[in-house]
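Below are the chains, spelled out letter by letter.
2 protein chains.
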Amino acid sequence: MRRFATERVKRLLFGSLLASRSPPSASLCSSPAAAAMDPAAGVVTVDTINPKVLKCEYAVRGEIVSHAQRLQQELQNKPGSHPFDEILYCNIGNPQSLGQQPVTFFREVLALCDHPPLLDKSETHALFSADAIARAWQILDVIPGRATGAYSHSQGIKGLRDAIAAGIADRDGFPTNPDDIFLTDGASPAVHMMMQLLIRSEKDGILCPIPQYPLYSASIALHGGSLVPYYLDESTGWGLEISELKKQLEDARSKGITVRALVVINPGNPTGQVLAEENQREIVNFCKNEGLVLLADEVYQENIYVDDKKFNSFKKITRSMGYGDDDVPLVSFQSVSKGYYGECGKRGGYMEITGFNAEVREQIYKVASVNLCSNVSGQILASLVMNPPKVGDESYESFNAEKNGILSTLARRAKALEDAFNSLEGVTCNKAEGAMYLFPCLRLPQKAIAAAKAVNAAPDGFYARRLLDATGIVVVPGSGFGQVPGTWHVRCTILPQEDKIPAIISRLKAFHEAFTEEFRD
Amino acid sequence: MRRFATERVKRLLFGSLLASRSPPSASLCSSPAAAAMDPAAGVVTVDTINPKVLKCEYAVRGEIVSHAQRLQQELQNKPGSHPFDEILYCNIGNPQSLGQQPVTFFREVLALCDHPPLLDKSETHALFSADAIARAWQILDVIPGRATGAYSHSQGIKGLRDAIAAGIADRDGFPTNPDDIFLTDGASPAVHMMMQLLIRSEKDGILCPIPQYPLYSASIALHGGSLVPYYLDESTGWGLEISELKKQLEDARSKGITVRALVVINPGNPTGQVLAEENQREIVNFCKNEGLVLLADEVYQENIYVDDKKFNSFKKITRSMGYGDDDVPLVSFQSVSKGYYGECGKRGGYMEITGFNAEVREQIYKVASVNLCSNVSGQILASLVMNPPKVGDESYESFNAEKNGILSTLARRAKALEDAFNSLEGVTCNKAEGAMYLFPCLRLPQKAIAAAKAVNAAPDGFYARRLLDATGIVVVPGSGFGQVPGTWHVRCTILPQEDKIPAIISRLKAFHEAFTEEFRD
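Protein chains in written order, with UniProt numbering: chain H, 1 to 521; chain W, 1 to 521.
Check the hints yourself; a few may be wrong.
What the hints assert, rightly or not - Taking lysine-lysine and the DSSO-like style, the derived pairs with C-alpha atoms no more than 27 Å apart in a straight line are: (1) W/K52 with H/K52; (2) H/K316 with H/K431; (3) H/K121 with W/K403.
Claimed, not checked - Listed below are several chain W residues computed to face chain H (Cβ distance under 7 Å; list not exhaustive): (4) I49; (5) N50; (6) N177.
For the record, the hints were derived by calculation from the structure and aren't laboratory data. Note that this is a predicted model, so its numbers are computed, not measured. Glycine included, each C-beta is placed from N, C-alpha and C at the ideal position.
Looking at chain H on its own, in the form it has when it is part of the complex:
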């Protein structure tokens, strides 16, 4: 209502101004009807765009990153202009941007599928492993007409979904239906698709962990729903308590919110915890009892760094509890961007959808159809990560060495950075049991908080900005993920190359000591 009133005011204010801007087409502006109408009402400004877009925030690529990009430009234009030589982007889980190499087997298969005439050439055998060649043939044979450049089935190529379903079944020990798989351009579009399906208005709520990965808050804002927060317990290693879920659900319902779904990120982002099986069973029962869709973000399923924890998919948990397809609506998100593969730029991923009735599935299919299909290279890669080389395959040894090399260096980096954060005055940092991040808690001095306030910044944002200016290290303020009010955090990836970690740690320590001295209460 208010918006329309504003538009009317603008029309009165700017109508004559616009009319005097001499439209070049005489035949058009001579129309009396056009003169009576007011074009200003539709002119695109931040006041007239979709307010949901305005509301949406995405800290992982927010202000701090724009500032880092400016510094990088300055370093390029004038080397030595800052007290560091390079920007270290620890703001986003983007392994290959920090030097992680792609897995050879996967890239061999992708290259062969991109240019199938290679398969007929004798030189190819000198350049590619035999099982990559065999796999490329297998994949081409399941693509209708071997046309890797054709739109595929809206859910993705059936033969690739078969391979993924077999991979899930291997992982979980329970059967998987390839028709439950929707291949997508990474996990993000899949999350958007589910939010689009579930959210009707701001009266629909989605339970999300706090801290959360800001894709969820951004997607809920874009689709006009309400984020219903539940807090993870930092003191128990970011524990997920059912009593907290229950409390927040009831609180939301008492406010008239219809809660549609529960988002669980396991392993956690930004929090790095790996859920225990018993905890997962409780979560499944909670969703079942409360009629919630379980949105299981399982993109870090391969990233586990501690011996006493193991990834269990929610699909496996529900099936092992005896629940079948009619009991719990469950969506599991997986991506080629994470794991040991880290193929963010390929934009591959899938969601496995179970527990929805046929009519609803038809609607999901329709929405997928409007986008035609996800990119076929990403589809192929998703089939590869869910069905990698096996013992006996020519590539197996080297593949396994690459995989284990990446995962073990990530584990060492996680531990080294965790220890470094814990060695800082006033900082405590939970272990990264999994995923790619540390989320240390900063007990900032009152003077620092006041200094932040004076420049109109959140205290953790102020800390992150000072850290960047002093060291070139980019971390994301905890306020971008949500945190218990009055606590301050930053998210830092564990992804810089291992040989750089000691220097990063010294820079971090030196900065933190100086910062603490400067603002000591």
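Use these hints to put chain W onto chain H, whose structure you have.
Quick look at chain W alone, frame taken from chain H:
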């Protein structure tokens, strides 16, 4: 309001039923608060999902295609079970699914970028052209860290945007700013992004041609806006009349609709017309005078089949009229899926955005950021199609032969199918001057219309279904695109391989004669 009432009723009806479904977790179901709450309100059914999703329709992959897939399955299971050997998918502009081969140079570069270690091997020179190798190096050199597996800048890799901007400038003769380019997973996500930005409620309207490509109606429905139709004039070869635009705009405004944008598809889909330059100037002035964003779907810019027509981008037209960046908000959509390349499965494309203020651009950037980036192979391919081999490059001759071969066979197919449709009793078909479709008008006998009504089908849907059952040819009923009420059409791609066209034409003619005889009034 009504929905909430329905939910209350369900709560009363199903509350006890759900409670009796024995939740396995005793600790949860013993909570009295939980018993008082009602989970049924959130349960996902077609009655409780987002009604915008329900409303959205996408005929290009709709019912007729599902039926075709069933027939294909039946043919596979029982060869000879239908009066044809194969299904001919003429429903969608998907060239490679019908046998078009990818352009060699493009695929060579993609394969090398997928597996850069190839570039260091001597055997590679026997397998790849020298300029593909050089181009792969050039591309890798503009990708930070040569990491083709990293998330890129949210708008796409800067160096690739530079190449695209140079390509646009070459095409148009006017400078292009690489910061105006947003690389996307095909044109569809770019269209969605703009609809998301512009549409606030059903009081916001988007002027769309009728007939239109149903992505527009689907996207407007998903984002909750209003499609404001303007009719193309079939009798003047699908002419776009400014008087019609004006009439529909005024009509919409009189109903309280704020019209935000005008969609123009040039060359037309499904209508195949190529706009004349003078017409484009009128359209630009119309948008300028009326304060509309011009959404220019230019994905068929390479698909022109007649000598007397030429593609002019709206960017070129506006600049040649002397308009600069502040005059007309213009978005040009381009895709790697069409043209002579036809790389639908690669999901590459871009939008070039000019005429928006800095604040609005920041919002567009933010929305792009939430999706991280488009797939890097698609980005590379978009840079290649906008900057293909030039005279003097090793691949130039063969590249040019492939390109011209594809475009000239498409022109011959368009003409042959147009003539065939025009030879049918009661059918008239405009020329496909460009794009990939024919959209013949069917004057169906009253008896056929009555027969359609009897099975609850639209007459053109009835015709398309009978055509499919008799011949295996899949076309899309005109009702999926919109048409003047009381007229009937089908959309048929010009994409079947040339050697199949004579057989298709005989089948089409035989079917149409039989159909006409069966239903002759």
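To see whether the hints hold, each was checked on the structure:
1. W/K52 with H/K52: holds, 16 Å
2. H/K316 with H/K431: Holds, because 25 Å separates the two Cα atoms, which is no more than 27 Å.
3. H/K121 with W/K403: holds, 24 Å
4. I49: holds, 5 Å
5. N50: Since the shortest Cβ distance to chain H is 5 Å, the answer is holds.
6. N177: violated, 17 Å
Violated hint for the displayed structure: number 6, the only one.
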